[in-house]
Amino acid sequence: MPKKKIKSKNHNVGAPPGELYYSGSESNNDVKISLIQYNEATFSEQTFLDVDSMLKEVKPGLIKWINVDGINRLDIIEAVGKAYGIHPLTQEDIVHVDSRPKFEEYSRYVASILQMLYYDNGVRYEHLSIVLFEDTVISFQEPCGGDAFDVIRTRLRECKGRVRKMGPDYLAYALIDAVVDHYFYVTEELGEKIELLDEDILNNIHMNGIMHRIHELKREVLLTRKLIWPAREMILNMMRSDTELINETNSIYLRDVHDHINRVTETVDQYRETLNNIMEVHLANNANKMNEVMKALTVISAIFIPVTFIAGVYGMNFKFMPELETKYGYWITIGFMLALMIGMGVYFKRKKWW
Amino acid sequence: MPKKKIKSKNHNVGAPPGELYYSGSESNNDVKISLIQYNEATFSEQTFLDVDSMLKEVKPGLIKWINVDGINRLDIIEAVGKAYGIHPLTQEDIVHVDSRPKFEEYSRYVASILQMLYYDNGVRYEHLSIVLFEDTVISFQEPCGGDAFDVIRTRLRECKGRVRKMGPDYLAYALIDAVVDHYFYVTEELGEKIELLDEDILNNIHMNGIMHRIHELKREVLLTRKLIWPAREMILNMMRSDTELINETNSIYLRDVHDHINRVTETVDQYRETLNNIMEVHLANNANKMNEVMKALTVISAIFIPVTFIAGVYGMNFKFMPELETKYGYWITIGFMLALMIGMGVYFKRKKWW
Amino acid sequence: MPKKKIKSKNHNVGAPPGELYYSGSESNNDVKISLIQYNEATFSEQTFLDVDSMLKEVKPGLIKWINVDGINRLDIIEAVGKAYGIHPLTQEDIVHVDSRPKFEEYSRYVASILQMLYYDNGVRYEHLSIVLFEDTVISFQEPCGGDAFDVIRTRLRECKGRVRKMGPDYLAYALIDAVVDHYFYVTEELGEKIELLDEDILNNIHMNGIMHRIHELKREVLLTRKLIWPAREMILNMMRSDTELINETNSIYLRDVHDHINRVTETVDQYRETLNNIMEVHLANNANKMNEVMKALTVISAIFIPVTFIAGVYGMNFKFMPELETKYGYWITIGFMLALMIGMGVYFKRKKWW
Amino acid sequence: MPKKKIKSKNHNVGAPPGELYYSGSESNNDVKISLIQYNEATFSEQTFLDVDSMLKEVKPGLIKWINVDGINRLDIIEAVGKAYGIHPLTQEDIVHVDSRPKFEEYSRYVASILQMLYYDNGVRYEHLSIVLFEDTVISFQEPCGGDAFDVIRTRLRECKGRVRKMGPDYLAYALIDAVVDHYFYVTEELGEKIELLDEDILNNIHMNGIMHRIHELKREVLLTRKLIWPAREMILNMMRSDTELINETNSIYLRDVHDHINRVTETVDQYRETLNNIMEVHLANNANKMNEVMKALTVISAIFIPVTFIAGVYGMNFKFMPELETKYGYWITIGFMLALMIGMGVYFKRKKWW
Amino acid sequence: MPKKKIKSKNHNVGAPPGELYYSGSESNNDVKISLIQYNEATFSEQTFLDVDSMLKEVKPGLIKWINVDGINRLDIIEAVGKAYGIHPLTQEDIVHVDSRPKFEEYSRYVASILQMLYYDNGVRYEHLSIVLFEDTVISFQEPCGGDAFDVIRTRLRECKGRVRKMGPDYLAYALIDAVVDHYFYVTEELGEKIELLDEDILNNIHMNGIMHRIHELKREVLLTRKLIWPAREMILNMMRSDTELINETNSIYLRDVHDHINRVTETVDQYRETLNNIMEVHLANNANKMNEVMKALTVISAIFIPVTFIAGVYGMNFKFMPELETKYGYWITIGFMLALMIGMGVYFKRKKWW
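Residue numbers (this note's numbering), protein chains in the order written: chain A, 166 to 519; chain B, 166 to 519; chain C, 166 to 519; chain D, 166 to 519; chain E, 166 to 519.
If you are wondering where the hints come from, they were derived from the structure by calculation, not from laboratory data. The beta-carbon is built from N, C-alpha and C at its ideal position, and this holds for glycine as well. Please note that the accuracy of each hint is not assured.
Computed footprint of chain B on chain A; a stretch qualifies when at least three of its residues, placed anywhere within it, have a C-beta under 8 angstroms from a C-beta of chain B [as the list claims (entries may be wrong)]:
1. 411–422
2. 432–443
3. 446–457
4. 461–474
5. 482–493
Throw the hints in and build the complete structure from the sequences for me.
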């Protein structure tokens with residue numbers, strides 16, 4: 166994923182709908198397919214490199230979680246799609262790394278498309294899709310994001326929490342919850358950077374690159390916001406859906422996720438406004454400092470210019486300049502010049518001009 | 166609670182939902198449990214250090230208010246939760262000090278999660294939860310917030326107002342009302358600070374740190390807003406709820422609380438805009454003052470530079486400079502220079518350049 | 166009422182709901198109670214100082230308008246409240262001068278709480294409450310606002326307009342209409358001040374205090390907005406209410422009031438934006454004027470500094486400076502200096518630097 | 166209508182509702198009443214100066230369009246109102262030139278109040294009312310707006326388009342459509358002025374009055390917006406109305422008008438943002454130009470000040486200054502000064518300081 | 166289409182509704198009419214220059230796509246309209262190149278009016294109309310936009326994708342989808358320009374014209390936004406429509422288009438904010454650079470002015486100036502002046518004034 170995410174790539178523009186096109190940047194061919202089958206009593210975990218051998222291992226009566234790690238191998242996506250009857254449009258969304266988070270109901274399944282955020286020298290994201298069938302959950306992800314789901318895998322394996330006792334809808338919920346929980350890492354990271362920035366400004370240090378730091382953070386907050394807002398809408402749609410695939414009693418968990426994502430969006434909005442405030446303070450500080458310098462320097466000029474004029478006057482070569490002949494003319498002039506300079510200095514000081 | 170509340174802590178990210186994690190900063194182990202039982206005729210008040218001994222004292226037929234003062238002892242929260250059948254997700258919200266205000270209905274109870282605000286050298290908040298059962302109200306709070314509920318305790322004890330005559334729903338309402346009433350203290354405190362700032366700007370004093378004062382106040386107004394907005398939504402949800410636990414006739418009181426919180430949010434929004442106005446005035450004032458200074462100083466330069474040039478001319482050492490030989494050359498030159506300076510001064514004055 | 170209305174007072178925070186607390190600043194004890202009884206044929210008007218003697222005069226079969234002039238005597242409010250069965254929460258709203266405009270339905274009456282605005286060296290407001298019963302209208306107001314209702318009193322007395330022929334709901338409407346009509350005075354006053362400001366800026370006069378005038382007007386527009394918005398909501402609620410106390414056929418009049426208040430809010434919003442525009446123009450003007458001055462002054466320096474240098478050169482005391490010995494050296498130098506100055510002046514002029 | 170429309174006049178504030186008050190500035194007494202009667206086959210057009218003679222000419226079975234040209238003769242409005250049963254509140258809206266656009270349904274008629282905009286050295290508007298009865302349309306307008314309806318009159322007379330074949334509702338629609346079409350003229354005029362402004366800024370000409378031109382245009386866009394927004398709402402209300410006076414099949418034409426007014430409002434909003442952009446560019450340009458000038462001038466000072474100092478040094482009159490005695494001292498000094506000036510000039514040039 | 170699209174043309178203002186007026190700038194008379202007839206098995210493609218000969222070729226039982234390439238020949242539009250019963254208002258929208266995107270249902274057809282965007286030295290757009298009948302799709306377009314539909318034509322011809330197997334509603338969807346896909350090209354182009362701008366600002370190059378580049382991009386983003394927003398609304402209306410002409414099962418494809426256009430609008434909104442951020446950084450950079458220059462130059466003045474004064478003092482011609490007679494007076498003075506200059510330089514450096 167490129168660092169600057171202003172432009173988005175859409176190379177499959179013009180292709181017929183449902184034609185798969187992988188828009189990401191992976192080129193690795195090793196797409197791993199893992200199959201976890203469990204119920205409250207049993208648990209098995211297997212890894213495959215192709216779809217057919219995986220399909221052979223699927224056992225009825227168990228809850229199945231198929232995780233496809235890598236979405237650049239379109240043949241694998243299509244094979245899974247064909248085996249499970251996933252609509253071509255859904256398949257297109259699964260492989261299109263820039264599609265908007267969305268929740269869609271089909272007759273046999275519901276699909277949640279969303280992005281996982283992480284922070285690595287800037288806000289990064291990965292494309293994720295979770296498809297929920299009657300007894301199966303299929304998740305598709307770009308490879309590096311594996312860690313978000315590891316928590317769930319461990320919970321399944323060690324039978325921690327509720328997840329082994331519940332249906333596939335709870336598993337789907339748990340996966341989405343894990344993703345939304347990751348959003349907090351990103352906002353925390355952004356929050357720390359903003360706090361650091363704020364302190365640097367209060368202490369007036371590192372003044373040079375601050376505008377660029379603010380710009381960079383604003384851009385990241387903007388990107389985060391753009392990524393999270395539709396995810397929130399997606400979860401809302403999921404909550405309101407009356408699909409039979411999601412058990413009524415599990416809606417309470419979705420409500421919880423919705424609450425989390427609301428908190429994230431509020432935090433991001435707060436960051437946005439905080440960054441604007443910080444920028445205002447920074448600009449005002451800068452202008453202030455500049456003003457101080459200019460005032461001090463201009464005061465120096467203003468004090469010396471009149472006396473320099475006087476010196477110039479007595480530097481004139483007129484033949485008849487009576488003062489020049491007097492005995493104390495020099496000392497009187499020097500005295501007057503000093504008095505004038507001190508007087509102006511005091512006057513400016515009193516007027517708080519420096 | 167830290168002073169700068171830009172970043173929020175979420176250390177239980179990744180944990181299974183419903184797993185309790187205390188995210189606050191208390192480490193004191195002395196969690197006090199108080200049990201108040203009353204009806205219109207009787208009133209008793211007891212304090213315990215553990216849940217079991219408290220549960221033994223609970224008498225049927227009375228309205229019970231259990232207040233848990235301190236939410237860092239997860240074992241106590243779990244014991245209460247188990248005894249009263251509080252859902253793990255609710256328990257999680259009770260101990261998670263950064264959860265958003267919300268109102269949630271469960272089959273046997275309704276839960277209101279909110280924050281109490283107070284002002285102590287900055288806007289501070291405490292996490293509060295009020296769980297309403299058929300004949301019991303359980304409230305959970307971080308320790309220092311005890312005083313908000315003291316008012317209610319006194320009213321119960323002294324049988325003031327309506328509270329002893331009404332059901333547990335009225336008690337829950339009274340607790341929420343007490344919390345919302347506290348919001349006014351915070352907005353008053355902020356309002357006073359803003360007024361002080363406004364006066365300082367009108368009188369042009371303390372100009373140095375003003376930008377930081379504005380920034381600090383903006384941040385506090387922003388934080389207050391972020392905390393109060395979801396509380397408003399919470400109370401609206403509570404009003405609209407059709408739970409049987411809240412008596413229809415008491416909805417009028419909720420309407421009153423909703424009205425209060427509306428007033429608070431409007432005040433906070435007004436503060437926000439006022440602060441923006443104040444900042445604009447301050448920046449304009451600053452620029453104005455700077456302009457005045459620069460103009461005055463530059464006028465001095467502009468007046469003296471031409472005459473200094475003239476003096477320079479007659480300071481030249483050319484052999485043949487007829488003016489130097491004339492008798493009144495010096496006086497004429499001096500006169501011309503003075504006239505020029507006065508002329509420029511008058512011209513600049515007329516053009517209002519200083 | 167204080168001039169600067171940034172902060173609002175809420176001293177009854179923490180008190181039980183329904184406990185009366187007068188939050189205004191009147192201390193006069195002379196609360197006047199006036200009783201007007203009328204139907205199409207008859208009209209009587211009486212004034213009392215206590216509630217009991219007033220109640221004795223109430224005659225059945227007539228429409229009764231009780232106006233309580235002054236809300237600082239809580240005993241009187243309570244007596245009226247008791248006699249007519251006004252809910253303690255309504256009573257609280259009646260005496261609490263900072264409560265938000267609202268419309269509330271109770272079983273026996275409907276209550277409209279609102280503020281009357283007037284302009285007296287700044288936007289001022291008074292607290293007003295209108296309670297409508299089946300055959301009675303009770304209005305409560307702070308004393309100085311009497312004139313708003315005088316129009317209605319005169320119309321009743323002289324049997325002008327429709328008001329004597331209609332029921333008490335029309336009277337209540339007429340009172341609210343009189344209040345909303347007063348809002349126009351305030352917006353007119355603000356509009357005049359804004360127009361004056363605008364002209365002063367176009368004519369570049371009174372430049373000094375303009376930023377403070379803008380600030381002051383912005384604050385007043387902000388306050389007006391804050392006061393009028395909930396009033397609009399109140400009237401909307403009143404329109405939508407299905408209470409039997411308000412006759413269906415009178416809803417057309419409410420629609421008219423709603424229309425008026427809409428016009429007021431639109432005007433206030435327009436003022437707000439106009440003030441922002443004015444401020445932008447003012448700041449740009451100021452910067453422009455400053456720029457002109459600085460440019461002119463700097464041009465003077467730039468023209469004289471090079472020639473002063475040349476004069477300095479020929480003021481040096483080197484023994485061997487051939488130019489000094491030449492016959493026309495002085496005149497050539499003077500000529501060159503003049504040419505340089507004129508050349509620079511023309512160049513700067515052409516570049517439009519002054 | 167005054168040019169500066171910041172303030173609005175509301176002299177009938179305090180009057181009983183329904184009391185007519187003409188708030189415009191016409192004083193001409195010649196109110197023309199025209200009566201057009203038509204069906205698909207026949208067409209007649211007559212003009213009257215009083216209502217009674219007009220009423221005598223009204224024939225049953227034809228569609229009647231009564232146009233009252235001038236609304237300052239309250240007696241005429243009242244006579245028409247009485248003859249056709251127009252509610253006093255509607256009459257009030259008809260003569261009150263500043264009332265908001267609105268659509269109101271009464272039992273026997275529906276009334277559309279709106280403003281016609283035209284551009285004559287600024288945005289101007291006229292008050293218009295169209296009242297639709299079962300077989301009659303009555304329109305009221307301020308005199309100068311006659312041309313907007315001329316198009317319709319011609320179409321009726323020459324039997325062009327659909328209007329002769331359709332009912333009175335289509336006529337009412339056609340009148341409103343003619344008014345909304347006029348809005349485009351205003352936006353076109355504003356658009357041309359904005360484009361001119363934009364070009365002037367790109368070409369850096371007429372820089373002086375630009376801020377005032379921007380201000381003036383912003384004000385006009387603001388006014389246009391304020392006038393058009395409620396008109397849009399009015400048309401929406403008309404579309405949604407289920408009155409029997411408007412034929413279902415004609416709602417398609419209203420949809421078209423609604424579409425037009427939507428386009429106007431979007432254009433106005435675009436103008437608003439464009440003006441803000443233009444202002445930003447203008448301010449940045451101005452600052453830029455100022456910076457260039459100041460830098461150039463300051464560079465001149467910076468180059469000459471050091472060498473002037475050197476000249477000053479050798480202008481000192483110390484007895485023992487060995488350099489003064491050397492043969493090439495003068496030339497060396499001159500050379501050094503030139504080298505210094507050129508060096509500084511090159512250095513500043515390289516740093517892009519001028 | 167002109168480059169600067171601030172103003173829109175509306176020359177048919179005042180014409181009766183439904184009267185055709187071509188508001189574009191084409192004058193070519195060669196309007197091509199292409200007729201494609203297909204079902205899953207057969208496909209034929211013909212081109213005509215007049216409507217009648219085209220109508221003769223229409224065969225029942227096939228899906229017909231009539232594409233009218235060029236909308237300036239009103240007679241052709243009217244002939245098509247008459248043959249297919251297209252309402253005059255729809256015909257008006259078809260030829261009016263500035264009409265808002267909209268979706269309208271009539272009894273026999275539904276019409277989608279929208280704009281195709283492309284980027285050619287600025288955002289350009291073309292007017293498009295798609296009318297869907299029971300077994301026919303008629304599309305009208307301005308000539309240069311042919312390429313957007315070429316993709317569909319190829320897919321039909323080569324029987325690629327789903328389009329040959331589906332009904333005319335799918336064809337209409339495919340056409341709209343092709344148009345919306347083109348929006349991505351425009352946003353990509355804008356995105357690239359914005360990224361380039363951003364890099365230039367980070368690298369501080371091409372500083373001169375940057376404000377105009379920002380202005381130009383802002384204007385294009387604004388125009389794009391204005392064009393795309395109503396298109397989004399149009400698609401939403403199409404989705405929500407319950408017309409029988411669009412098959413329920415195809416609504417999933419509309420959902421996909423809606424999703425795409427949502428992504429486009431979000432991207433455009435992000436661009437808008439990014440441009441604002443970029444402008445802020447640019448202005449701050451500019452101010453910063455200016456400040457640096459001014460500070461450096463002013464420091465030079467401040468350092469040399471005091472010593473120049475000292476030199477001036479010893480250049481005075483007083484008879485009695487004892488220092489002038491001393492042996493080392495000159496050297497002491499020179500040393501003092503150097504020390505003063507270095508001291509000031511160090512002091513200013515330490516204060517970070519340069």
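We went through each hint and held it up to the structure:
1. Given as covered by chain B, the region 411–422 of chain A passes the check, having 4 residues with a CB less than 8 angstroms from a CB of that chain where 3 are the minimum.
2. Check result for the region 432–443 of chain A against chain B: holds, 7 residues qualifying (beta carbon to beta carbon below 8 angstroms, three or more required).
3. Closer than 8 angstroms: that is the beta-carbon criterion, and the region 446–457 of chain A has 6 residues meeting it against chain B, so the requirement of 3 holds.
4. Closer than 8 angstroms: that is the beta-carbon criterion, and the region 461–474 of chain A has 8 residues meeting it against chain B, so the requirement of 3 holds.
5. Figure legend: the region 482–493 of chain A, annotated as covered by chain B; annotation consistent (5 residues with Cβ-Cβ distances under 8 angstroms, at least 3 required).
Against the hints set out earlier in the document, no violation occurs for any number.
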